[in-house]
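Q: With the hints as extra help, turn the sequences into a complete structure.
Chains A and B are the protein sequences, given in the same order. Numbering (the UniProt record's numbering) for the first sequence: 1 to 348. Numbering (the UniProt record's numbering) for the second sequence: 1 to 216.
Hints are computed from structural coordinates only; laboratory data are not their basis. C-beta atoms are modelled at their ideal positions from N, C-alpha and C, and glycine is treated no differently.
One side of the interface only, derived from the structure: several residues of chain A facing chain B at Cβ under 7 Å:
(1) Leu43
(2) Gly106
(3) Gln110
(4) Ile212
(5) Glu223
(6) Glu226
(7) Val228
(8) Leu260
(9) Gly261
(10) Gln262
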Amino acid sequence: MKLSKITLAVLGASLAAGLGVTAYAASGQSGGAEQPYQGLTALGYPAPQEGQLVHVPPTMADLEEADIHPELKKVIRRGYELFTDTQQLRGKNVFNDMNCSSCHLGEGRQPFSAPIWPAAITLPGFRGKNQHVNNLEERIAGCFAYSMNGTPPEYGSDDMLALSAYHQWLATGAPMYPDQPIYGRGFPAPPEPELEPDYARGEEVYQAQCTICHQDDGAGHYEDGEYVFPALWGDGSNNWGAGIVRTHTAAGFIKNNMPLGQPNSLSDQQAWDVAYYMVSQERPQDPRYTGDVDETLELFGPTFHRNSRYGEVREHDDHRLADHANTGEKDFLKPWNVGMPRFEELSE
Amino acid sequence: MNKTVIKGLGLLLGTGLNAGAAMALEGDAQRGQEASATCVACHQADGSGMNVPGGESWPRLAGLDSGYIVKQLHDFQEGRRENASMTLFANMLDDQQIADVAAYYSQMPVTPAQGGEEVDDALLERGEQLANRGDWDAYIVSCKSCHGPGSEGVGSDFPGIASQHAGYITAQLEAWKNDERSNDPQNLMGAIAKRMSDEDIQAVSAWLSRQSVTAE
Numbered sequence: 001m002k003l004s005k006i007t008l009a010v011l012g013a014s015l016a017a018g019l020g021v022t023a024y025a026a027s028g029q030s031g032g033a034e035q036p037y038q039g040l041t042a043l044g045y046p047a048p049q050e051g052q053l054v055h056v057p058p059t060m061a062d063l064e065e066a067d068i069h070p071e072l073k074k075v076i077r078r079g080y081e082l083f084t085d086t087q088q089l090r091g092k093n094v095f096n097d098m099n100c101s102s103c104h105l106g107e108g109r110q111p112f113s114a115p116i117w118p119a120a121i122t123l124p125g126f127r128g129k130n131q132h133v134n135n136l137e138e139r140i141a142g143c144f145a146y147s148m149n150g151t152p153p154e155y156g157s158d159d160m161l162a163l164s165a166y167h168q169w170l171a172t173g174a175p176m177y178p179d180q181p182i183y184g185r186g187f188p189a190p191p192e193p194e195l196e197p198d199y200a201r202g203e204e205v206y207q208a209q210c211t212i213c214h215q216d217d218g219a220g221h222y223e224d225g226e227y228v229f230p231a232l233w234g235d236g237s238n239n240w241g242a243g244i245v246r247t248h249t250a251a252g253f254i255k256n257n258m259p260l261g262q263p264n265s266l267s268d269q270q271a272w273d274v275a276y277y278m279v280s281q282e283r284p285q286d287p288r289y290t291g292d293v294d295e296t297l298e299l300f301g302p303t304f305h306r307n308s309r310y311g312e313v314r315e316h317d318d319h320r321l322a323d324h325a326n327t328g329e330k331d332f333l334k335p336w337n338v339g340m341p342r343f344e345e346l347s348e
Numbered sequence: 001m002n003k004t005v006i007k008g009l010g011l012l013l014g015t016g017l018n019a020g021a022a023m024a025l026e027g028d029a030q031r032g033q034e035a036s037a038t039c040v041a042c043h044q045a046d047g048s049g050m051n052v053p054g055g056e057s058w059p060r061l062a063g064l065d066s067g068y069i070v071k072q073l074h075d076f077q078e079g080r081r082e083n084a085s086m087t088l089f090a091n092m093l094d095d096q097q098i099a100d101v102a103a104y105y106s107q108m109p110v111t112p113a114q115g116g117e118e119v120d121d122a123l124l125e126r127g128e129q130l131a132n133r134g135d136w137d138a139y140i141v142s143c144k145s146c147h148g149p150g151s152e153g154v155g156s157d158f159p160g161i162a163s164q165h166a167g168y169i170t171a172q173l174e175a176w177k178n179d180e181r182s183n184d185p186q187n188l189m190g191a192i193a194k195r196m197s198d199e200d201i202q203a204v205s206a207w208l209s210r211q212s213v214t215a216e
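A: So, in structure tokens, the structure goes:
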């Protein structure tokens, strides 16, 4: 099927082969033309390929126009506000300097910035990270426990419901359990670099391209107590259990999204080097920590830390990474959702 | 009183940007007032500048970060930023005077701006969107992502643009779009401006000019 023949609104789950394009039907503008995301190629992103599910999520302007119950609109709006200003839950659910949108750029809608709507159409589903079937709430809870170094709002609570309503609203029009790969999902890593990622080269990239916003010490910047630039490491950042501590995920995030406003401007080598530099810095302990780095590695190496530098010794100063009990700003290690047993009766 | 100066310098030096010897000079607001005698014709005695419809607007300098002012004046002197009227006046200042006028203007309270009066609500709504949320479908990152809460500025690298004259904001964004201004670090501003339509520029300039910045 030719890309150019596709008209947006009529296409949906029924598209059996070729490029699956879905969009919020009422939205004339979001995504722009008949061929969504074509503008992204000018920014160095790949164009949608045949066989991929391409979905253009609705915007907040679309929400105002949508023909849904006003109470639901209120809740979705609340979810949007929590997602883009998660700092309002600081000290309650969030114990670092992040918003959800610090990593999920463009309000969670942006391709190659781990858009969040795919979770709403692929879950409940099995997750390798915790080795059981998760639903949307549990997925969101995961980002609270690790990326926000916090503890999630209760399942079914107002805040949790509002956040999941926002995720699901963004998925409007996309097919449930799609059998096609999703265009722009996650933070795809750039191709393996020619040279092994290197700390010193990474530091050079960091100094030249990142410090103006994230500062020398990686602590980011608050202006008069208000969030501006998030922390890349240290107590204000995500903990050792967060997905972005894996070098390939960090490289994927950076290549596709940083420096802010200039995606794909770093070479693949630069992206891997600066990612390696960033993931070689200290941050709060992984909530799955058993009190012993080696034991923790044994338990969570195979499913997670084999891709991070957890427990490795840093070349230049012999520092062993993550060998500490610092939990950052929170005064507990493990939030209620981490390690919560699931479906035990089914696993005989 | 000199806290802003020192903080600004810290940021500049920290980033290794333009941290020339001249930057280390400490400004004196009193002396700055004297040195600014030639500036008032355009930037006004209260630093408010002036919106000049159909002509070249003079930016508000009052309340701009001192490190930012110092950088701009050096950029004019060294040709990294080009403007016939300003290059002439920047060249009249030595490094110490630059530090002095920067201290002087940075300590003035931010004044109200003009140029956004006669615009319709739809345009203002678009302006507000661009300033506070951006338009990611066009990869226009919100102004406040870099220019800080309320777009009132962050350190010396990201100047306050709220309550700046609409005519001046428009002129600068057009200049970046047309490759006539390129003194921004890492092309951070140019990359954004190039993605904006003329209507976007008009919208965000009008909206920003209507924001009031209250003194702390």
